[in-house]
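Take the given structure of chain A and dock chain B to it, following the hints.
Protein chains: 2
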Amino acid sequence: MVRTLSLVLALAAAAGAQAADKPTRIPDAALKTANDLRESALKDPAAWDFVEGLTTEIGPRLAASENDAKAREWVAARFKALGFDKVWTEPVTYPKWVRRGEHAEITAPYPHVLSLLALGNSPGTPAGGISAEVVGFDTIDALKAAPEAGVRGRIVYVGPRMHASRDGGDYGRVGSPVRTQGPAIASRKGAVAYLLRSAGTDDNRLPHTGVTDFTGAMPIPAAALASPDADLLENVLKRGKPTTIRLALDCGIEGTYTGANVIGEITGRARPDEHFVMGGHLDSWDPGTGAIDDGAGIAIAAGAAHAIKALPQRPARSIRVVAFANEEAGLFGGKAYAAAHAKEIAKAVLGSESDLGADRIWKITATVTPDARDAIGQIAEAIKPLGVQYDAAESGHGGSDLSAVHAVGMAAVSLHQDATRYFD
Amino acid sequence: MVRTLSLVLALAAAAGAQAADKPTRIPDAALKTANDLRESALKDPAAWDFVEGLTTEIGPRLAASENDAKAREWVAARFKALGFDKVWTEPVTYPKWVRRGEHAEITAPYPHVLSLLALGNSPGTPAGGISAEVVGFDTIDALKAAPEAGVRGRIVYVGPRMHASRDGGDYGRVGSPVRTQGPAIASRKGAVAYLLRSAGTDDNRLPHTGVTDFTGAMPIPAAALASPDADLLENVLKRGKPTTIRLALDCGIEGTYTGANVIGEITGRARPDEHFVMGGHLDSWDPGTGAIDDGAGIAIAAGAAHAIKALPQRPARSIRVVAFANEEAGLFGGKAYAAAHAKEIAKAVLGSESDLGADRIWKITATVTPDARDAIGQIAEAIKPLGVQYDAAESGHGGSDLSAVHAVGMAAVSLHQDATRYFD
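For the record, the sequence lines run as chains A and B.
Counting from 1 along the first sequence, just add 4 to a position and that's the residue number in this note's numbering.
Counting from 1 along the second sequence, just add 4 to a position and that's the residue number in this note's numbering.
With the rest of the complex left out, here is chain A (with noise of 0.2 Å):
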């Protein structure tokens, strides 16, 4: 699958490069030439390599550890390898987050230990953690609405259960903000910690993790629990008897750390300044291999390049292909990526990314200029013998690393795949 990923974002990016005077129309031999990479980019393996290579000599890359630098030489190297023309880094700076453990444990009425993984940002309990009496909602909304005497002093509880769908809507709508907003207006309203359903469709007893926003609010201990683990707690809670849980979390934020985008360049022959963009995140939680969130999403970038590096004539414009830094705990890669590169954004013509799995591209949408419309209805032609639609009405950011550079001004077409079992 991520050959065809690959293949797409190939098809994308060598038809836009190609463009010759202004990027609203591409001519014909570009089209042709993009034509041409569906048949052999399908047999390029440098995606698969490059995913496989990075998750087994690497494997997961939370953002400021160990692995997080050590993969950082490996792209460079792999760039390299793979022919791009030049190699560099640029620097990201952003606060370090490190997990050392969790525990929890509900205490009354019935014994239970609970699986469950802090969330990023979140702040540790003191050593031997707190106990304190738990309030759920089914809802943020029924966290919004409530008085504050009930929340006060209590380990706050939501949890919604997100539904699978192919556009992963329920993310947005559902999971997203429970994790992103809830520890905050619990905090607001004075809980002392706070728990969540995990995001995720799946029923398994691995809690899905992912960073939480303090902004305005006193940090408080939050943490995600795994969907079986959530619905035992809602299964105590219904049995009306006051419940406590302890809850013990080792992490927190230990100052600063600079780590850095890596960024890879097969340079134009005709307007080597103007460039396309794609690319993916290095970084990953921990818990899990660093595979599919988002090392595919880079090697997927890299094997388009790679698979327009070996085309007879190099195209008219660059190609960049970024590995971001630590998106996960709030798109620090990308905002800084768009910051160093704000005063060049009329260089950057089309930009587009990976960042919801492997599966198959079933959609393209586009935020573009007017005047480069027809372009992208012509990359959209070029795709559609891959079963892509092009959904000419919606608009498209890119993906969120491209997000802090498209609002400054760079184009973007977004790659829609299917994420029914990403959330899994």
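Hints listed in this document are in silico derivations from the structure and should not be mistaken for laboratory results.
Every value quoted in this text rests on a predicted model; they were computed, and no experiment measured them.
One or more hints might be untrue.
Which copy is meant is left open, so a pair is good if it fits within one copy or across any two.
As the list claims (entries may be wrong) - Below, computed lysine-lysine pairings styled on DSBU-like, alpha-carbon distance capped at 30 Å:
hint : residue 1 : residue 2
1    : K36       : K148
2    : K242      : K351
3    : K245      : K47
4    : K84       : K193
5    : K100      : K347
6    : K245      : K84
7    : K193      : K148
8    : K313      : K74
9    : K84       : K242
10   : K47       : K242
11   : K313      : K242
12   : K351      : K388
13   : K245      : K74
14   : K242      : K74
Then chain B, alone, in the frame of chain A:
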């Protein structure tokens, strides 16, 4: 789903226990009762309440653990509350195996922490763990064929992958032999430890544990890797560089423990000493929730008995529901029951249990004396409207716990549940 399962068992039990003089042909009145049960039992929440209560108020129940003892009291109390005429326990003694923790990491050529669980019966390692080079095999047959020289002093890894199916056949063909037989085979060739790919069809980082058997071999530390971790180890081994693992297991057998089978009986009106036996096992592995393996089994049987108890007339023969002790480590409860009741085996008319989760029953099979074949055919007719086939050509041993009492002469019906998702 547990309600429907309960119903199937109730129909089978009622039809069996209602039989008149000789249980070779079921009278029409009894079949009428069984048909009425189809309506009433579907409305009875007893089975669901049982499993929800056991998992919420007790939780996982590793044999010989504190929760195991609490669960016996819980089940006895629930049996009484459900209106069983008699409730009693029978002692079961077995080796006490304890798990305190496990850790493993690939130390060369690429450092990775691995997610794993020690197998039941595995001894621990010395406190600091053991470090050794890994030798990998695709199948148990490849390990059997390997010369001792390539195994001695090493950690053996065996990694076949199970595929999901309705009959769960890969568990018997692939998953179970690699776990139950592999460690002893590796030990006899001089291996210092044994790792396997979890018996499971999922793709998450939760390992699946189970028991192993060191009969005739020196016990060596043995553990199951989560499936993605097994993939990772295979990818590392594939690179052909010497691969070392440090393995630390804190577990082992600590003397013996005496638990109990918990038995509830609805006493028959005409032939109270003749009885139908159904049940499940009370113990469960510790990392799960203790629901589907096999809290659901006892719940289904208890629910069936409850539905029968609610009939206008009690059955001619008695109905026994047994919550068996320690199935997971070697069918100890089932064997103890068989030994304790061997003398009255002629009074055990028929037995059946559920121990393959809580999904739909799609087939029944039976092993009974030839003159009772007709009666089984009648039971099959009674449950046919629920979509259950009857395969008269195949034998049925009743289920794991009942296999021992079946072996000493009790006729048995096997309820084949859909196992497509059971090993996820």
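Structure versus earlier hints - violations, ascending order: 1, 2, 4
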